[in-house]
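Those sequence lines, one after another, are chains E, D, F and U. With this note's numbering applied, the first sequence corresponds to residues 416 to 717, in that order. With this note's numbering applied, the second sequence corresponds to residues 416 to 717, in that order. With this note's numbering applied, the third sequence corresponds to residues 416 to 717, in that order. With this note's numbering applied, the fourth sequence corresponds to residues 416 to 717, in that order.
Hints listed in this document are in silico derivations from the structure and should not be mistaken for laboratory results. Treat the hints loosely; a few may be bogus.
Identical copies look the same in the list; a pair holds intra-copy or inter-copy alike.
Unchecked claim - As a list, the in silico SDA-like pairs of lysine to any residue whose alpha-carbon atoms are at most 25 Å apart:
1) Lys643 - Ala625
2) Lys643 - Arg656
3) Lys643 - Arg447
4) Lys469 - Glu515
5) Lys643 - Glu620
6) Lys469 - Ser455
7) Lys417 - Asp449
8) Lys417 - Arg541
9) Lys417 - Gly554
10) Lys643 - Glu710
11) Lys643 - His657
12) Lys417 - Asp681
13) Lys469 - Arg450
14) Lys469 - Thr612
15) Lys469 - Glu710
16) Lys417 - Ala488
17) Lys643 - Leu598
18) Lys469 - Glu692
19) Lys469 - Pro531
20) Lys469 - Pro673
21) Lys417 - Glu582
22) Lys417 - Ser557
23) Lys643 - Val492
24) Lys643 - Glu581
25) Lys417 - Gln428
26) Lys643 - Arg551
27) Lys417 - Leu686
There are 4 protein chains.
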Amino acid sequence: MKDVHALPPRHGQLDLREVGLTEVRKPISVQRPDRVVTLSASFSVAVDLPPDRKGSDLSRNAEVLAEVVDETAQRPVASLESACARIARELLARHGYATESVVTASADYFRQRGAPGARSALEDYRLYAEARATRRPDGEVSVRRSIGGEAIGMTACPCAMENIREELVRQHPELGTPALAELPLPTHNQRTRTRLTLEISEEEEVEADALLDTVEAAQSSPTYAILKRGDEARVVLEAHRHPKFVEDVLRDLLASLPRRFPTLSDAVGVLARTVSEESIHKYNVVAEHRTTLGELRARAPA
Amino acid sequence: MKDVHALPPRHGQLDLREVGLTEVRKPISVQRPDRVVTLSASFSVAVDLPPDRKGSDLSRNAEVLAEVVDETAQRPVASLESACARIARELLARHGYATESVVTASADYFRQRGAPGARSALEDYRLYAEARATRRPDGEVSVRRSIGGEAIGMTACPCAMENIREELVRQHPELGTPALAELPLPTHNQRTRTRLTLEISEEEEVEADALLDTVEAAQSSPTYAILKRGDEARVVLEAHRHPKFVEDVLRDLLASLPRRFPTLSDAVGVLARTVSEESIHKYNVVAEHRTTLGELRARAPA
Amino acid sequence: MKDVHALPPRHGQLDLREVGLTEVRKPISVQRPDRVVTLSASFSVAVDLPPDRKGSDLSRNAEVLAEVVDETAQRPVASLESACARIARELLARHGYATESVVTASADYFRQRGAPGARSALEDYRLYAEARATRRPDGEVSVRRSIGGEAIGMTACPCAMENIREELVRQHPELGTPALAELPLPTHNQRTRTRLTLEISEEEEVEADALLDTVEAAQSSPTYAILKRGDEARVVLEAHRHPKFVEDVLRDLLASLPRRFPTLSDAVGVLARTVSEESIHKYNVVAEHRTTLGELRARAPA
Amino acid sequence: MKDVHALPPRHGQLDLREVGLTEVRKPISVQRPDRVVTLSASFSVAVDLPPDRKGSDLSRNAEVLAEVVDETAQRPVASLESACARIARELLARHGYATESVVTASADYFRQRGAPGARSALEDYRLYAEARATRRPDGEVSVRRSIGGEAIGMTACPCAMENIREELVRQHPELGTPALAELPLPTHNQRTRTRLTLEISEEEEVEADALLDTVEAAQSSPTYAILKRGDEARVVLEAHRHPKFVEDVLRDLLASLPRRFPTLSDAVGVLARTVSEESIHKYNVVAEHRTTLGELRARAPA
């Protein structure tokens, strides 16, 4: 049959940066230290296209996905990002005309958690992975990967709490300032989603659970599926004892990275973003930063 | 040209309840007491289909929408639900084979609001409308309409606040129970979306603003785009002085309807739903009820 | 600690139809004939609330979900709808004040498929399940369940094809009508999503794969992840040889049910909906019908 | 009241790239050549934060939005991107500690269109705008803006059509190759969304309608709300006479820019992306490219 894709383009002899498939849903089985988990993932797979080819052989992308991903049902892969890297390399092997491939994946991920002393349950998180393979002029292929994790937690506003403290001191002179200066007081608190992404080399490894632990420690409090009355009171008080702006969440998260990931190289890229679904507004509040582990180490207190 | 739609179906000579268009986006201009507003709406328009016709003449649906909606740019319509009713009647006029038509619409809607004493801004709400026209055997057409409004507000949990009160009484015996029994104390609070829908006859009218005022009064507090420090403290304290479960929001909302809508008939259908985007959980909490204005009046305290 | 939920409501002593949790994401392991699959599901769980209680004990809902769902990792459940039924029964056992519980679940689901003669891959579908438990005055609990499956496929429009045939006959008199009357000719075709839901008793079983096979057979053609050039041509021709309106898809689907599900009772409820993401319009076209298996059997040709 | 935001951060003395509000919904009135249109827009507004401040004064962002956007109801703005630029400048004026501000907006947009010779109706598009203001060390502020437009259209696959031609030649030897080589033949066609974004200086202007016309001309065919039988056949044939891969759409779009926007400078950034919602697959196919108008001019045929 006629290979229409291999024809020259009719006009506009331009190279294109990315041609591929998006929103390909696939189950992928990943080996965890203690068990195999099956993630319901959404993939994008693309390669660049030289100026002299009309189209990209897209059925190869679907074939590579099927070979690498569908077969994890038999042989689980080590991680979402290692699956992406394998796909990215294979894409360059099969699209001989391409010099770069990009693969992204995202999936729900579950962990057994509970409030201190309380009953645990599976809590939901979100994982993100990316791999970008580049073919150098000498034919060598190198791959950069990234792994991201998002956790939902809770933030309590430090500003409203202090202003309410002043207000209550004024309204209740009988209580006395020392007493009121001690108490956790009302403030607006809300659901907050924080995502941390680390851009690593093909030799470096980041454990998804370590990423998510890091994120959860930066918010005013993690949140939980099962909270009996006493647990609920303790979680709410804990959050009110650690009131945080989105800016605080982001800085505490970034500041913790040198200690949390001591073996990663300075070149590791860091992208952090936290979104607070404000209880007192109809819109969200967001903070975002991009840096490297090296920069964070340079600023870390000795 | 051949009218394929008018042919008999090949097999399965069944009537079908609804055949139509969905997700048709259109701007619609609505006359408000003091101004004309243009809503960016999404419409669905459908009619039933008798067993002897292969297909419905769907281009007529698009024509009716264009005639009724596009032309509001010149002549604004009285309300979203009256536009739906006009479309529903016109659909039956043009689909001679149909006996029922259903039209739904939803749109963002904005109102100028501000916290008491604070600066105001446009706040966003959501409007919903539906019209259902029925052709009786004698050819007469009757229409039932519904109008819904959704507002985002804030709820503060009454349970966590009482349990935290007990906890703080235990931790701070020096403060004394009377003092602590007075104070608004921390609790989890969060963004809450509440929708109220009233099913009315073609003769009855409900003002969208009245619907949204009713919803906003039922939550722990409305929320606002602009809150300077003092305003923020007052809104948060207000919410903590009216802590509410989703159940409280829904009952307070339902209980207020006889007073808020005294001229509507007992037959008016009522659907209310509130969704709390819990700050201490990753999931939402929801309460929903369906009743009539007559039932609510029968239960209202004299 | 104080049980605030058990207090009487402050005003509005109304019962509420549904109070519960929504958008609870959980992995659930389901035993298939040949393997265990883990679905990433989203659950809603709710019960009614009597007029004399302020709030529903919602942490019990989260506990029941954790007990029934989280533990399928060890002991896979027979189906999504049987998990829902088990949860619905357990909710009534733990909410002694409730008389009705409703549980819904939805999840991506994957099946190994391929075009005839072509390479296969995992294709994605969507499953839906619901269980509704009712406590009768004598304390007995009965459960109604529903199971739904959605498949994405392709429809080709029969009307445009016939009108294009007339047009080409006019433009190409040299070809002759007999020849052109034979040929599959261009028409608009598009992605179509069709969902079939069966409402069954607690004793009846419907296999999810049977549901999805039924849906896929009703569209102009199923669609596939991997199509090499020859496969693609065959799938497209197949769809053009079975051009269908959404009305045809729905009627063919409904007409096939008596044959596909011979052992289910007449009381089984049937809800079918097909949405065509029209290639020639920016909006979607939809057809929907609700009936019973008994009604469909009464209309089936002998 | 205490200004908690102005305090130094507790730890992590890092600057942050972006702190602000997202998903702020606002109606904005824009002056078109012949009329005023009101768009229902979603805004993000953010500034950077120096290392010595705990938090950003976010209520100022909401105030600036209210002043610039809410007041367009009285004085319509020239364009969505000029509103963004005005907001970006005002943010730097009010956040004295910030050196960069970013404002984005997106909105549905409607245009009166119809198939050639057919009845017209309002068709929906999507507009995107961004402004990025930078304060230089000397205090001068410069602004870069971008404007994007997305149109839904139709693509017909050139590959499947040629392979089906070969197949039909084999199946119908009586028709003869010359005849079949002439005919538009079946292929898969589908809804395709294409977005073009131009990054311009504060002095340059791009008309949104020119952007959308450019996008619509690049697909196999635009699509329309109202198509009677004859119109539908003509639109489908038109698309089959211009079969295009996503790669063709993107290259034809890019190749047309030098001619379409002759007065814009070489430095103008160009981002183009097209997504085809494949009728024969459950996933989408995508092509994306980033370049400058200068590069495109250098490659254009003389």
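Item to check | Numbered hints the structure breaks, given as an ascending list | outcome: Those not satisfied are hints 1, 3, 5, 6, 7, 8, 9, 10, 12, 13, 16, 19, 22, 23, 26 and 27.
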